[in-house]
Amino acid sequence: MADDPLSQTFAALADPTRRAILVRLANGEATVNELAEPFDISLQAVSRHLKVLEAAGLISRGRNAQYRPCQFEPARLEAATDWITQNRRIWTERFDQLEQHLKRMTHDKDKDKERES
Amino acid sequence: MSDAPTELGELTITRTFDARPDVVFECLTTPAHLTHFWGPIGMSTPLEGITVEPRPGGRYEFVMVNDETGDEYPTRGVFVEFDPPNTFSFTEADVAGGMTTAIVFNDLGDGRTETVTHQTNVPPMFLSPEAQAGMETAFVKMDAYLATL
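Line order of the protein sequences matches chains P and L.
Just so you know, we're using my numbering here: the first sequence kicks off at 1 and counts up by one.
Just so you know, we're using my numbering here: the second sequence kicks off at 118 and counts up by one.
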């Protein structure tokens with residue numbers, strides 16, 4: 001795994017169980033036991049997913065040693081979606097303008113033809 | 118238009134243009150055309166800031182200018198593939214690992230062209246945590262500004 005933050009975020013998000021855990025945490029903090037409940041996987045497996053999410057900065061864990069509730073940390077996710085959103089916006093606007101440019105070219109050509117005839 | 122991300126960290130944008138592939142390809146690789154549409158909204162790309170060397174290894178460079186502030190945003194690409202009117206791709210040269218953008222031109226046979234633009238890898242501005250924090254600040258500022266409009 002590349003160790004820059006955005007690559008780490010994308011790698012952490014590549015797993016459907018981890019995305020489901022994030023969706024659950026976006027609705028409020030939860031303990032490992034609570035998070036494991038809807039999934040057909042062991043507590044250990046959930047703990048491993050949580051470690052990946054924590055390393056990617058997508059969640060934080062509470063200090064309370066016994067329960068250590070997990071919390072969603074939106075900043076990293078926003079950085080990742082911002083990159084995609086911004087690139088999509090730039091290329092969409094660029095292609096919108098290319099479309100207009102092509103229309104103008106056709107229009108100018110038609111005018112030339114009119115002049116010739 | 119459909120534009121779903123194929124994989125996380127990648128971006129695909131599919132568009133259909135009402136022109137033949139050779140015309141669309143020429144528009145995207147000729148400075149006199151590019152100056153009319155390259156800059157996204159709020160940015161211009163003056164002709165003298167565009168360099169296109171139409172061959173693999175050739176330069177594909179732009180200086181975009183913010184219409185309001187006059188700030189310049191240079192981008193330096195190098196063509197990897199250059200195969201008119203089928204496809205071209207370029208990497209951002211001064212980026213370690215490089216973001217690659219590939220555009221494929223599909224002839225729809227009725228005078229129209231479908232372009233599939235695919236971007237992979239991550240731009241350098243996100244590579245350091247400091248830079249990322251800076252970007253986040255910029256986006257927070259932008260959100261705040263947008264809220265006042």
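These are calculated hints, taken from the structure and not from any lab test.
Misleading hints may appear alongside valid ones.
Partial chain P-side listing against chain L, Cβ under 8 Å, derived [claimed, not checked]:
{"no.": "1", "residue": "N33"}
{"no.": "2", "residue": "F95"}
{"no.": "3", "residue": "Q97"}
{"no.": "4", "residue": "H101"}
{"no.": "5", "residue": "K111"}
{"no.": "6", "residue": "R115"}
Over the 10 Å line for every Cβ pair with chain P, so calculated as not near, a few chain L residues [as the list claims (entries may be wrong)]:
{"no.": "7", "residue": "E165"}
{"no.": "8", "residue": "E178"}
{"no.": "9", "residue": "V221"}
Built from N, CA and C at the ideal position, the CB exists for glycine as well.
Quiz item: Taking the least C-beta to C-beta distance, is P:R115 closer than 8 Å to chain L?
Solution: 21 Å, violated
Quiz item: Taking the closest pair, is the beta carbon of L:E178 still more than 10 Å from chain P?
Solution: For L:E178, whose nearest Cβ neighbour in chain P is about 16 Å away, the distance exceeds 10 Å, so it holds.
Quiz item: Can we confirm that no CB of chain P comes within 10 Å of the CB of L:V221?
Solution: 14 Å, holds
Exercise. Closer than 8 Å between Cβ atoms is the bar; does P:Q97 clear it against chain L? Give me holds or violated.
Key: With a closest approach of 3 Å, the P:Q97 hint holds.
Self-check item: Status of the hint placing P:F95 at chain L (closest C-beta pair under 8 Å)
Solution: 5 Å, holds
Practice problem: Return the status of the interface hint for P:H101: holds when the least beta-carbon distance to chain L is below 8 Å, violated otherwise. | Solution: 5 Å, holds
Quiz item: With 8 Å as the cut and Cβ atoms as the points, is P:N33 at the interface with chain L?
Solution: Since chain L brings no Cβ nearer than about 29 Å to P:N33, farther than 8 Å, the hint is violated.
Practice problem: Grab the minimum C-beta distance from P:K111 to chain L and call the hint holds if it beats 8 Å, violated otherwise. | Solution: Given a least distance of 17 Å, the restraint on P:K111 is violated.
Practice problem: Hey, is L:E165 genuinely clear of chain P, shortest beta carbon separation above 10 Å? | Solution: Given a closest Cβ separation of 19 Å, the condition holds.
Violation of the numbered hints given earlier is confined to hints 1, 5 and 6; the remaining hints are satisfied by the structure.
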